[in-house]
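Heads up: the protein sequence lines correspond to chains A and B, in order. In terms of the numbering used here, the first sequence has 34 at position 34, counting the first letter as 1, and numbering is strictly consecutive. In terms of the numbering used here, the second sequence has 414 at position 35, counting the first letter as 1, and numbering is strictly consecutive.
Hints should not be assumed to be uniformly reliable.
Claimed, not checked - Pairs of lysine to aspartate or glutamate, EDC-like flavour, derived with a Cα cap of 16 Å:
#, chain 1, residue 1, chain 2, residue 2
1, B, Lys410, B, Glu437
2, B, Lys692, B, Asp706
3, B, Lys410, A, Glu325
4, B, Lys689, B, Glu569
5, A, Lys254, A, Glu44
6, B, Lys410, A, Asp163
7, B, Lys487, A, Glu29
8, B, Lys386, B, Glu569
9, B, Lys386, B, Asp571
10, B, Lys487, A, Asp163
11, B, Lys410, B, Glu514
12, B, Lys639, B, Asp590
Keep in mind that the hints were calculated from the coordinates and are not lab data. Because the structure is a prediction, the values reported are computed rather than measured.
Residue strings, one per chain:
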Amino acid sequence: MAETENTSPATAVQILSTDGTVAPTASAEPYLEYLNRLTDADHEQFYRDMVLARAFDTEAANLQRQGQLALWPPCHGQEGAQVGSGRAARSQDHIFPSYREHAVGLVRGVDLLGIIEVMRGTTHSGWDVSDPSNGNFRPYTLVIGAQALHATGFAMGVKFDGDTATGNPETDQAVMVYFGDGATSQGDVNEAMVFAASYQTPEVFFLQNNHWAISVPVTTQSRTPLFQRGSGFGIPSVQIDGNDVLASYAVTAKHLDDARSGGGPQLIEALTYRIGAHTTSDDPTKYRTQELTDSWIARDPIVRFEAFLRGQGAANALFESVAAEARDYASDVRKRTHAIADPEIGLMFDGVYSDDHPLMIEQKQWLEQYEAALGGGAE
Amino acid sequence: MSDSIDKTLQSMPMAKALNAGMRQAMANDPKVLLMGEDIGKLGGVFRITEGLQAEFGENRVLDTPLAESGIIGTAVGLAMRGYRPVCEIQFDGFIYPGFNQITSQLAKLTNRNEGSLQMPVVIRVPYGGHIGAVEHHQESPEAYFAHTAGLRSVSPSTPNDAYWMIQEAIASNDPVMFFEPKSRYWPKGEVDLSGPAAPLHASRIVRLGTDATLVAHGAMVSVLLQAAELAAADGISLEVVDLRSISPIDYEPLLESVRKTGRLIVAQEASGNVSVGSEIAATVAERAFYSLEAPVLRVSGFDVPFPPAKLEKLFLPDADRVLEAVDRALAY
Chain A
1 MAETENTSPA TAVQILSTDG TVAPTASAEP YLEYLNRLTD ADHEQFYRDM
51 VLARAFDTEA ANLQRQGQLA LWPPCHGQEG AQVGSGRAAR SQDHIFPSYR
101 EHAVGLVRGV DLLGIIEVMR GTTHSGWDVS DPSNGNFRPY TLVIGAQALH
151 ATGFAMGVKF DGDTATGNPE TDQAVMVYFG DGATSQGDVN EAMVFAASYQ
201 TPEVFFLQNN HWAISVPVTT QSRTPLFQRG SGFGIPSVQI DGNDVLASYA
251 VTAKHLDDAR SGGGPQLIEA LTYRIGAHTT SDDPTKYRTQ ELTDSWIARD
301 PIVRFEAFLR GQGAANALFE SVAAEARDYA SDVRKRTHAI ADPEIGLMFD
351 GVYSDDHPLM IEQKQWLEQY EAALGGGAE
Chain B
380 MSDSIDKTLQ SMPMAKALNA GMRQAMANDP KVLLMGEDIG KLGGVFRITE
430 GLQAEFGENR VLDTPLAESG IIGTAVGLAM RGYRPVCEIQ FDGFIYPGFN
480 QITSQLAKLT NRNEGSLQMP VVIRVPYGGH IGAVEHHQES PEAYFAHTAG
530 LRSVSPSTPN DAYWMIQEAI ASNDPVMFFE PKSRYWPKGE VDLSGPAAPL
580 HASRIVRLGT DATLVAHGAM VSVLLQAAEL AAADGISLEV VDLRSISPID
630 YEPLLESVRK TGRLIVAQEA SGNVSVGSEI AATVAERAFY SLEAPVLRVS
680 GFDVPFPPAK LEKLFLPDAD RVLEAVDRAL AY
């Protein structure tokens, strides 16, 4: 598989083999203590998160096909990387997503209808990060890699504020930024790592290598495994099996702790796969084979974790109840999507500036009067 | 003069006025911090931030890595954290690596967050010609930013305005592009430290006249004043308006002037094609059509890249080129 030759997971941290048996790699040793903190209830939560995220993602893609959304970027296949890392973050941590981190949003407490609203075209954000119920999960950034600099600047601020590295992991803050393999070619991601290393920010760069930047394979982005770039910046870096939710959890938890305790920025490359299209506008049959996709479906993070739970003695009732919950959740998302109202004229003008601006006042007033004169209005 | 007036009126160049204005802003608000290339120990290539790192420390005046997108992008993140970053772009022509972070991120983040996120970031840009420098060091890129919704763009022409406007820009809750006319950094002017400051976006009539109105921003204002002085010797009375702000533009004083004189000449160092001057000409034609005795004329840099320095005097509009336009306007 030429497309994946530079991402050989030979040294990648793995806890669960693809059949769900606990078989940590040697590289997993420094992370095992983090697994010991997890209870059965935590395991069940991870499973529930992944299943709900996939149900949401599948429902949203269907809604797009039915004309309810302009576009949908599916996260199918990446739930292990996202749920593990998202659950590893502490409540005081700050998350800067790209635009495919639906499962991270879910575990941080965001109402995912907000993502649907963005893709439907009723808002650019969908949730208010200043509302504590949204778990410091910031709105999506669509320009590839731009958020890496925002995360780094924010983390510089955390450090200047003295809100990290005090020795108390319960309150010390860290920042985590998500981006993909395509983004690693962007100047902004590289500049972010330069600044992060210079200022020793309390920050984890979480790279989901899903192997595709729309149609371009990761081998076009890099001749070397991407995590190896970290050492060039002076950033401790590790590669993990991103479809192993336990590896994602343990490795992220440790590196967030390293970041929050004064260890500076960290880089995690999670090897995963975009099972679906880039977005619903994409056609993967034009650039990749079904055999390749099938080989990654065989490493599905949910199937693997279900096998692990069954091996741990989980009862059928658990899987049945999670499946029922996921059905209800998807149905609720569908119902609420149909009820989303179109925005008012004010949305276009009111939030452009924080302070009064004459053009906003003048043009909003003009449009309102114009619409009123037509006897309609943009409601 | 009484002692109190002596203390509050000081003669200083714009470079020192900007330094004093930033020092005041930093003293007033611990969240104000400066970021840029060579601005700390060196005090900036123009020495505008001289002494500020020694006074406020390395966490308030940051000598950043050499990356414009990185400077703006991390300033965005710091603003999200509650800071009020003031970024220095070393020279006008070096701003483009930061263009995406300015226009797609900084300018749009308040809107993206439906008004719930403020972006109080100032980007200082030494700009314009007259300094005989090499390529990329004498440009006037302000139209790109004046065109971008979500940004505010201003340019002081005097030390007094520089002192007050930099403080107002830092106090603004919106991103402000702060264009500093570098050819005006060193001439001295009177700064009134007691204020009051004019509003950040107010334009101002700086010379009264009756035959035609001249308008400009930044360094070109002094060229217009020089032209008006020369014209007065020939018995032509020219009114001069200093825009001070190019986004938004405070049109009312300008329109009032045009209604009186009936003629308008817009001058700028920037290339004229799709420029701030074009927008002013269109707006004045729309709003003061029946007052105009002549078409609004533009005096601009040519539509070429800024030339090698030995040609800059031919590229940049001077008082004679302004007066040539005045003659054409008066011929109608």
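Verification of the supplied hints:
1. Lys410/B x Glu437/B: With a Cα-Cα distance of about 14 Å, the restraint between Lys410/B and Glu437/B holds, given a limit of 16 Å.
2. Lys692/B x Asp706/B: Status violated; Cα separation ~21 Å.
3. Lys410/B x Glu325/A: It is violated: about 46 Å lies between the C-alpha atoms, which goes past 16 Å.
4. Lys689/B x Glu569/B: violated, 32 Å
5. Lys254/A x Glu44/A: Given that 16 Å is the threshold and the Cα spacing comes to 21 Å, the pair is violated.
6. Lys410/B x Asp163/A: holds, 15 Å
7. Lys487/B x Glu29/A: Answer violated: Lys487/B to Glu29/A is near 45 Å, above 16 Å.
8. Lys386/B x Glu569/B: At roughly 12 Å apart (the allowed maximum being 16 Å), Glu569/B and Lys386/B satisfy the hint.
9. Lys386/B x Asp571/B: Holds, at roughly 9 Å.
10. Lys487/B x Asp163/A: The hint is violated at about 28 Å.
11. Lys410/B x Glu514/B: Not OK: Lys410/B and Glu514/B at ~36 Å, beyond 16 Å, violated.
12. Lys639/B x Asp590/B: holds, 8 Å
Comparing the model with each numbered hint stated earlier shows that hints 2, 3, 4, 5, 7, 10, 11 do not hold.
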